[in-house]
Every structure is written in C-alpha cells, then in structure tokens.
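2 protein chains.
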Amino acid sequence: MATSTMLATLSTLETPAAIIDLRRMQRNIDRMQQRMSALGVRFRPHVKTSKSTPVTQAQLAAGAQGITVSTLKEARQFFAAGITDILYAVGMVPDKLPQALALRQQGCRLKIITDSADSAASIAAFGRANGEVFEVWIEIDTDGHRSGIKPEDAELLEVAHALQAGGMALGGVLTHAGSSYDVDTPDALTAIAEQERAGCVHAASRLRAAGFVCPGVSVGSTPTALSARSLDGVTEVRAGVYVFFDLVMHNIGVCRLDEIALSVLTTVIGHQRDKGWAIVDAGWMAMSRDRGTQKQTRDFGYGQVCTLDGQVLEGIAFTSANQEHGILSCVAGVSVDIASHLPVGTRLRVLPNHACATGAQHGCYQAFEDDGRVVEWPRFYGW
Amino acid sequence: MATSTMLATLSTLETPAAIIDLRRMQRNIDRMQQRMSALGVRFRPHVKTSKSTPVTQAQLAAGAQGITVSTLKEARQFFAAGITDILYAVGMVPDKLPQALALRQQGCRLKIITDSADSAASIAAFGRANGEVFEVWIEIDTDGHRSGIKPEDAELLEVAHALQAGGMALGGVLTHAGSSYDVDTPDALTAIAEQERAGCVHAASRLRAAGFVCPGVSVGSTPTALSARSLDGVTEVRAGVYVFFDLVMHNIGVCRLDEIALSVLTTVIGHQRDKGWAIVDAGWMAMSRDRGTQKQTRDFGYGQVCTLDGQVLEGIAFTSANQEHGILSCVAGVSVDIASHLPVGTRLRVLPNHACATGAQHGCYQAFEDDGRVVEWPRFYGW
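Heads up: the sequence lines are chains B and C, in that order. This note's numbering numbers the first residue of the first sequence as 12 and each following residue consecutively. This note's numbering numbers the first residue of the second sequence as 12 and each following residue consecutively.
Bear in mind the hints are in silico, worked out from the structure with no lab data behind them. Wrong hints could be hidden among the right ones.
For identical chains, the list gives no copy identity; a pair is met inside one copy or between any two copies.
[Stated by the list, open to error] List of simulated lysine-lysine pairs, DSSO-like, C-alpha gap at most 30 Å:
1. K84 / K107
2. K107 / K161
3. K161 / K84
4. K286 / K306
5. K161 / K306
6. K107 / K306
7. K286 / K107
8. K286 / K161
Isolated chain B (complex conformation) (with noise of 0.2 Å):
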C-alpha cells in the first residue's frame, strides 16, 4: 500500500490535464479495426490525434499497418519509436524534400504525396539527382473540400507520367473526403463514404487504363471509414479521430458520449453566485480555441462537463474560455445553486469539441484504467 498511495490518481493530478481513459480508446481502437478488417481492407491510422506513441502502438497492436502522419516532425519522432511504414500525407513541397529524403536514407519506407504536374517533377528531379527512388502518392480531390486532382482531370495522368518520366515510384491514389465532416445522418454519411470510394477507385481506373502501375487506394476520414457500405477496389483506410472521439464525432452521429475518451481534468476555483457562474482552470489554453460544434446541431460550448468518474453533467454549460479561466453556467431551465453544487477545489472533466485540438494543448497525457491507476504518457507537438 505505501507504494500506491505515491501514484497519481484523478484526485491528485495537476490540473488541467489532459486524460485518455484507457478502456474507452481501446474499444475504439477494436470497433474501427474490426470493421476494416471485415471490409478486407489495410488500416493506416493517422496519428496526428495523438501524437503518442503509446496510443500509436496500441493502434499497431490491434492490426493497423502502418501510419499517416501530417508533419515531418511525426514522422522522425514514430520512425525512432520504430515505426517505418509513414504516409506523410500533405502536398510534398520542394523546401520539404531534404528531411523527406534523410528519412529514406535512414530506412523509412515515408510514403510522399503530391497532387500537381510541377510538384511531381520536383520530386523526380530532386529524387535523381539524390539517387532516391522516392515512392509517390497522388492526392485526389472527391469532394471539393481542400486539396487533390479531380479524379477525372487531365492533370492526373500528367502527374503519373511526370513521376514516372522520372524514375519514382508511383505508390497509389489517395484521398480524404474532409465534408463528411458537415453532415450528420447516416444515409448523407454512406452517401459521401461511397463518394470517396469511388472516385478514389475512378482515379486508380485511370491510371491503370493509361498504362501506369497503381497499386494502393486509400481513402478515409472517420466518419467515412465508420459508414461505408462497401470498400471495393480499396486498399487501404485512414482514420485519425476514431482513437479518442469527439464532441463533433458525437454530433455527426458516429459515436456516443460515453465512448470520448479524451477529456481535460479540470478545478473549480471561483464562483459569480449572482450570475450562477463556477469557474475553473481550464480555459482555452486548456480545451483549444475549437468551437467546431458551433455550427453543428447542438453546440457544446468550449466542452461538455462531466462528473470526475465520467458521468454527464446535463444541467451545466461550459460557455466561455478565457486563457487560464472557463465559464460554467446552467444551462437554460435548469435552476441549481452552482456554488453549493460545484464548491471550490471540485474536480471535473470536460469532453472536448475536437480531440485532435484538444490534445496539441498539453504536453503529455494522463492515461488511466479502470482500476485507477494513472499513467503520464508523452506527446510531441511543433514541427
């Protein structure tokens, strides 16, 4: 017992903090794993949730292959972790291809992507004259939301014939459909996953049609990977958010409250009794700027409030963050005494509007199991 009581618990804990309950991210991690294993398809986590490598890895150990990372700096730092199969999956640009290639040197399969004709010859230029065969991804645009070649332009055969011309190795299409993102019924849902098929397929179709060797298509968000119907012609799936959840996950439909598994441990430090107002020590520095429900059906405010062992606190309203203070407030209808019910030194955890943000906040996380135990697991951020 003496050496328990030196542990930290939610009770203990600085606060603010940022908390993984590890029982609730390992049934996430086994929901998503299973349903692209039985679709027959590759799962490729994207990691830039995390940025953990114990969240990684337990990512790997439920039978992800490999990992899509959003920066350079992600793929150093899980490459010394030992992970060596990494999409980097942001248009390569020139500045970018000397950590690009130390990585290749090193024995990093890095997987670069790219969605224009001059960026490919880039590439292929800097990759001869470096004797690196660097292994290309073509970005493909299904839903007009950010990046990518449309999969009927032109431009895509030219990027195929620029890499090839050029001695790389064209490694597939890829693509992302971000807009499932602004929906949030299941049958608009199907309808973007199958989108995001198909035009990711049309592409590869393309490709292999005009003679080019297209071995991958990737595809994948979290709400497409967890609505697709079918997954033909695919070969692989990325999904970032899944491993925590969110809020915003919450609003578009494809998880419960009771499944996020991140929140940031919170204290209540003061009150405005005549405004019904508990603060606390989790500000915006603490939860991130994102409002990202704000838009969506219900609006969460800077986060939904729940009780220390997880519980929803329906009554109460996070509805303002200033750096280092939030706002609690009841919401409309609800007439309790906040001070009496959230007295100082309460401890709270907030459910985050978007995990991913949530998470770049705080410089390690605080994983906890069942039994209560809590373990500090690290995190990187910057580039």
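Using the hints, position chain C against chain B.
Frame of chain B, contents of chain C only:
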C-alpha cells in the same frame, strides 16, 4: 561569409514557424513602458503571451518591475530564469498551495490572488500550518466579465479579515477589465479604462477605511493600459499582448497592422485553380483555432497574409484551415491568378488573430533582426 551562410534566414527556416520581428517588438515594449512611466505607475507585464525568457528579459530591461503569470508552470520557469517578483493572477485553490509554498520557500516573491472569504481562509490555514506568510491580493470585478469581488460587495472586507486574522499579508487589490476587448472606439476604451481604475481604487479605499493596509492597486489589459488618461491611485499596471499585438488589438484600435510583431511563416504547397485557392502549410495547428476577429468590425479569417518581408497582401484572405492546411483565396472584387501570383514554394507570413493563442501552438520562436539574422528563442507550454 562561410559562417553567415550557415545561419537560418526567413528563406531557409522550416515552415510553419512562429516569427518575431524584433524591431517591432522592441518598439511595442518601449511604447508601453514610456506610457506607464509617464503616468507614474510600475509596469508588470503579463508573460502568458510569450512564455519566453528572452521576450520577458527585454520587457524587464525596458523598465518593467516584476511579471504576471497565468500558470504556476510559468512561475517556476521564470523563477528558474532568475525572476523573483511574480504575481500568479489566477484564483488560488487548495490543491495548488503546495506548489506556491515550494516557490516561496525557494525565495520566489510569489503573490497569489483570491476572490472569496472561503478561499482566503483556506490560504491562511495552509500558510499557518506551514509557517508561511503568503502575500495575497484580492481580485476585484470592475466589469462583470469574469472573476473577482465587486468593489461595493461586503465580501471584500470579509476576505481581508480572513487574511489578516490568519496572519497573511494583504498585498493589495487587482482587476482586469477584459471587457475592453469588446469595444473599438477611443471613447469607449477610455471609459472602460476609467471604470477599471475607479473600481479598483474604490475597493482599496474601502479596505483602507476599514483599517486594513492595502499597499497595491493593480489594474490592466492592453487596451485599457493604452487608453487610460489618468491612473490616479493605481500603483501598477499589467498588460500582456501589447508585446506582440495582433489582429484583435488592431480591430480594437490600439495598434496598426505594421506594429504586429508576431507572424507565422508558411509555404504555399498547392492550388485549386478553378476555385482560386492557394493552399499553405499553416493550418489551425500553426495559427490556432482562435477566430477572435470573427465578431469584430473586420473578420480576418485565420490571419492576415503578408509577403515574406512583411508587406500586407490586401487582396488575399485566409479563409479556412484544417490541421496542417490553410486555404487562401482572393477577397471579393479582387481577381488575380493566385497560382501564378503565389506559386508552390512561395513563402508568406501571416499575422495572427490572437498572439497568445498562436504563440502557444509553437515550441519556439524564430526571432529576426533587421539584418536578416534569425535566432531561435525558446518558449514553453503546458502546466
């Protein structure tokens, strides 16, 4: 020349990166310090904006006396850097008293704050149990925007009594008129500055009339510090974001665009020609999700795009952001071929909505002098 070519420049830094224009920063520091000196008050900068020792040292070198912090981690870090006069300006709770005690015992002249008789009694009990006389300031609410006791409230005297009876030292009263962020005319700013001053001085007068010694009267925010006509009765002013300024401050009317000292260096990574988009490698992770200008007179999207040498690109808007992608487009009425104007590889600098939030997304600053030299300045984050 051989050595100078090894130095980073704005043209060689990896992007995205947080850039400090040192000439602008120093001018901002001097402007504020000269104003405070002319008004006859001490100036205690809020270092939550930068969380960077070199920035803070420049403020102290210009004449600042002590610092204000928003977390005990900031207190520990700046105390380790040799700064001893530190005000922790977030309401103290019992769980954080051991950390405050440790700092005091190491020689830090840490000041803590409270806004309730219960919390004051907790501080006093803990202080007496540990043989420590905490210097405690009472937080005053002069504009109803957050925490603090109203100047006329009976609890003001109860708090002072709890501190005195418990053997603690009353350092003074302090307030922060955060509602100054909600106005944008000189008259309104002057009025809020006077309300902030008068309310805090009145609270001090009530304490003194009741027989308490109340040496300090501390007020401040960047807009009120730059707008106050009189600071009669005030002993010190606190302000933070003035050191960098940002687009929110520009909309409020207290800085020009060319006074904003913080920007995010970014690279164009692609285009969607049919939409008139350029895509850059600064997404919300680099800019933060802070959309503080959204409700102001001019909405700057995710930031104001500038050329590499800091000239504002009036016709280009930063319209949306994903985690590592930013989307730039032409503002209404401007018709340029954005792909020709900003080809892949173009470096840009983006002025932030909110310097405190944007800085927090970066592990360090890149500080540059007029001669083009860039030096990495550390910053820290987390709690």
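key: Hints that the structure is at odds with (numbers, increasing)   = 6
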